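A.B. asks: Residues per chain, in single letters:
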Amino acid sequence: MKILLSGTASDSHTWNLVYLRLFLEEHGHEVVGLGPCVDAELLAAACLRHTPDAVVLSSVNGHGYRDGLDAVRVLRTRPALAALPVVLGGKLGVVGRRQDEEVRRLLDAGCDAVLGDDLDALRAFLAAGARREVPA
Amino acid sequence: MTADTATGPSGSGFGAFVAEASAAGRLVVQPRMGFGDPGHMRTGLARTRAATAHTVGTLTVDSYTRVGALAAARAAVADGARLNGYPIAAHSPDTTRAVLSGLRGPDFPVQVRHGSARPEAIVRALTAAGLDATEGGPVSYCLPYGRTPLRESVSAWVRACELLAERSAATPHLESFGGCLLGQLCPPGLLVAMSVLECLFFVQHGLRSVSLSYAQQTDAAQDEEALRALHRLAAEFLPAGVEHHVVLYTYMGVYPRTESGALRLLEASARLAVRSGAGRLIVKTAAEAHRIPTVDENVRALETAAAAAALAGAPAPDTAPEDGEIYQEARTLVETVLGLHADLARALPAAFARGLLDVPFCLHPDNAGHSLGFIDPAGRLRWARTGAMPLRPDTGADADPYTSAGLLTALRHVADRYDRDSGDGPDGPDGYDRDSADHPDGSGRPAATPLSV
Numbered sequence: 001m002k003i004l005l006s007g008t009a010s011d012s013h014t015w016n017l018v019y020l021r022l023f024l025e026e027h028g029h030e031v032v033g034l035g036p037c038v039d040a041e042l043l044a045a046a047c048l049r050h051t052p053d054a055v056v057l058s059s060v061n062g063h064g065y066r067d068g069l070d071a072v073r074v075l076r077t078r079p080a081l082a083a084l085p086v087v088l089g090g091k092l093g094v095v096g097r098r099q100d101e102e103v104r105r106l107l108d109a110g111c112d113a114v115l116g117d118d119l120d121a122l123r124a125f126l127a128a129g130a131r132r133e134v135p136a
Numbered sequence: 001m002t003a004d005t006a007t008g009p010s011g012s013g014f015g016a017f018v019a020e021a022s023a024a025g026r027l028v029v030q031p032r033m034g035f036g037d038p039g040h041m042r043t044g045l046a047r048t049r050a051a052t053a054h055t056v057g058t059l060t061v062d063s064y065t066r067v068g069a070l071a072a073a074r075a076a077v078a079d080g081a082r083l084n085g086y087p088i089a090a091h092s093p094d095t096t097r098a099v100l101s102g103l104r105g106p107d108f109p110v111q112v113r114h115g116s117a118r119p120e121a122i123v124r125a126l127t128a129a130g131l132d133a134t135e136g137g138p139v140s141y142c143l144p145y146g147r148t149p150l151r152e153s154v155s156a157w158v159r160a161c162e163l164l165a166e167r168s169a170a171t172p173h174l175e176s177f178g179g180c181l182l183g184q185l186c187p188p189g190l191l192v193a194m195s196v197l198e199c200l201f202f203v204q205h206g207l208r209s210v211s212l213s214y215a216q217q218t219d220a221a222q223d224e225e226a227l228r229a230l231h232r233l234a235a236e237f238l239p240a241g242v243e244h245h246v247v248l249y250t251y252m253g254v255y256p257r258t259e260s261g262a263l264r265l266l267e268a269s270a271r272l273a274v275r276s277g278a279g280r281l282i283v284k285t286a287a288e289a290h291r292i293p294t295v296d297e298n299v300r301a302l303e304t305a306a307a308a309a310a311l312a313g314a315p316a317p318d319t320a321p322e323d324g325e326i327y328q329e330a331r332t333l334v335e336t337v338l339g340l341h342a343d344l345a346r347a348l349p350a351a352f353a354r355g356l357l358d359v360p361f362c363l364h365p366d367n368a369g370h371s372l373g374f375i376d377p378a379g380r381l382r383w384a385r386t387g388a389m390p391l392r393p394d395t396g397a398d399a400d401p402y403t404s405a406g407l408l409t410a411l412r413h414v415a416d417r418y419d420r421d422s423g424d425g426p427d428g429p430d431g432y433d434r435d436s437a438d439h440p441d442g443s444g445r446p447a448a449t450p451l452s453v
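Protein sequence lines correspond, in order, to chains A and B. Mapping the first sequence onto UniProt numbering, position 18 (from 1) lands on 18, and the numbers just tick up by one. Mapping the second sequence onto UniProt numbering, position 255 (from 1) lands on 255, and the numbers just tick up by one.
Among the hints, erroneous ones may be present.
As the list claims (entries may be wrong) - Each pair of labels, with its calculated beta carbon distance range: (1) A:ALA80 / B:PRO239: 28 to 34 Å; (2) B:ALA342 / A:ALA45: 36 to 42 Å; (3) A:MET1 / B:PRO401: 17 to 23 Å; (4) B:THR403 / A:ASP53: 39 to 45 Å; (5) A:ALA82 / B:THR95: 38 to 44 Å; (6) B:PRO401 / A:ALA82: 56 to 62 Å; (7) B:ALA78 / A:GLY129: 54 to 60 Å; (8) B:PRO149 / A:ARG49: 46 to 52 Å.
Rather than coming from a laboratory, the hints here were simulated on the basis of the structure. These numbers come from a predicted model, not from an experiment. Ideal placement from N, C-alpha and C gives every residue a C-beta, glycine not left out.
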């Protein structure tokens, strides 16, 4: 499938994006990479332009919950993007543990899956057609 | 060897503090440390100051402030959200002065670390709070870390340098982050050249006290050669009267996951700093592989590095060649860029536009992206491809693109070595006698770790 791969608004990290592009391509996906520091508006514009089958957001700077929430909220305001599968993964907070409340808010806002750093889970999510039923 | 580690006019401030420490044979150690809450930030600085080590303080800015999202930083402060650094432009100058009060002084300078391609607001905020030391650079805080066009970053850094020079009461200090460039898999010649070029840029825009950085890479002997080349090029290219020192960063790439591996990598960096005459070392903690480190973890890293440095004794005689391959590569790059235009604000963007400078693995649209670094079988960083840079790639290098597994293996090369080797002699895996051919390909590991570097 065609995947739009992006960093989050305040996250400058790129090795995660360099790696994920290779990983996704090796799994047969076509990847459009936006690079780091992509704010919600830029992300939405890129989704409308590239019409991907799924969006993979990667964040490792500790602001992933906050930035991811902004991103998914903006995407879901656009009718054309209301059903676009969106997965967020990486190291999402500053404390190094999964924050259930933050995950719930992300899912409520329309994120299809919130993953940690488990690439098997990402692989499974994409293999299942990037649908929300897949356990995050 | 140490003659040029800290030269220039004596005075007060960050550079003078490091110069005095170097003259006394003491390595200055510094954390990366930033907390959103002013009280927490103050505690971090107080504990840094009180550590059993010759320290300077750090105030690391959060990512919202770094990317110029000051409204988001203020909103996060208002929400009481936990930020990944101190939002210096969201807190008032009085708040920041209160954080520093009684801690910062001639015996404890504090540097603001930020990572911004548009640092004017940060420089305004730090000078308004009476601070005068920061770091970054028009290339090193642009290309690897965002999407700001390089020309805009250069213009912003021209203004930031001028602001810092104008608004500081004492001698302001600016450190180039040019010796890092994505942290890993960039061969040393380009790291050294970028540090020299950015410090020259700072001097062109009014700074008289600078530091040149280099991040520990894959091979101790190669790193020592790079640091000696950096000393020599700084002496050759920086004008007389500009105070400068060399700062080493403990490994910035994927960090060992074991406590002992992380500890030994940190100690190796401290010994490398002493051997190669660096004036200052910026440490890493074992926790950084997983999350933002605590104050306790930072203090432990500072004290560990200081102890390792003290045990390392005096700088070694020049065993690494200072005019070897790294020196030649870096000198060629510096001269090529200066040959484009004497004004580096024009020469640096022109050099990237032509691919004469080309950072490996850098996704930024203004980077040519035709260069590629690799780790050779002996563990040294080398060029597989050099694109249009005036450098030769290594013959026999495998110029095929990386696979995801191959990239992970390369990125984890240092971490794997330090996690695997245990119970070495005092020199550990940073010595020269390790079995350098013994690097398993890592294929047995789950390819499931994010790359938080």
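A.B. asks: Does each hint fit the structure? Answer for all of them.
C.D. replies: Structure-based check of each hint:
1. A:ALA80 / B:PRO239: 28 to 34 Å: About 58 Å separates the Cβ atoms of ALA80 of chain A and PRO239 of chain B, which means 28 to 34 Å is violated.
2. B:ALA342 / A:ALA45: 36 to 42 Å: holds (40 Å)
3. A:MET1 / B:PRO401: 17 to 23 Å: Since the Cβ atoms of MET1 of chain A and PRO401 of chain B sit about 22 Å apart, the hinted range of 17 to 23 Å holds.
4. B:THR403 / A:ASP53: 39 to 45 Å: violated (23 Å)
5. A:ALA82 / B:THR95: 38 to 44 Å: holds (42 Å)
6. B:PRO401 / A:ALA82: 56 to 62 Å: Since the Cβ atoms of PRO401 of chain B and ALA82 of chain A sit about 37 Å apart, the hinted range of 56 to 62 Å is violated.
7. B:ALA78 / A:GLY129: 54 to 60 Å: violated (40 Å)
8. B:PRO149 / A:ARG49: 46 to 52 Å: violated (20 Å)
When each numbered hint is compared with the structure, violations occur for hints 1, 4, 6, 7, 8.
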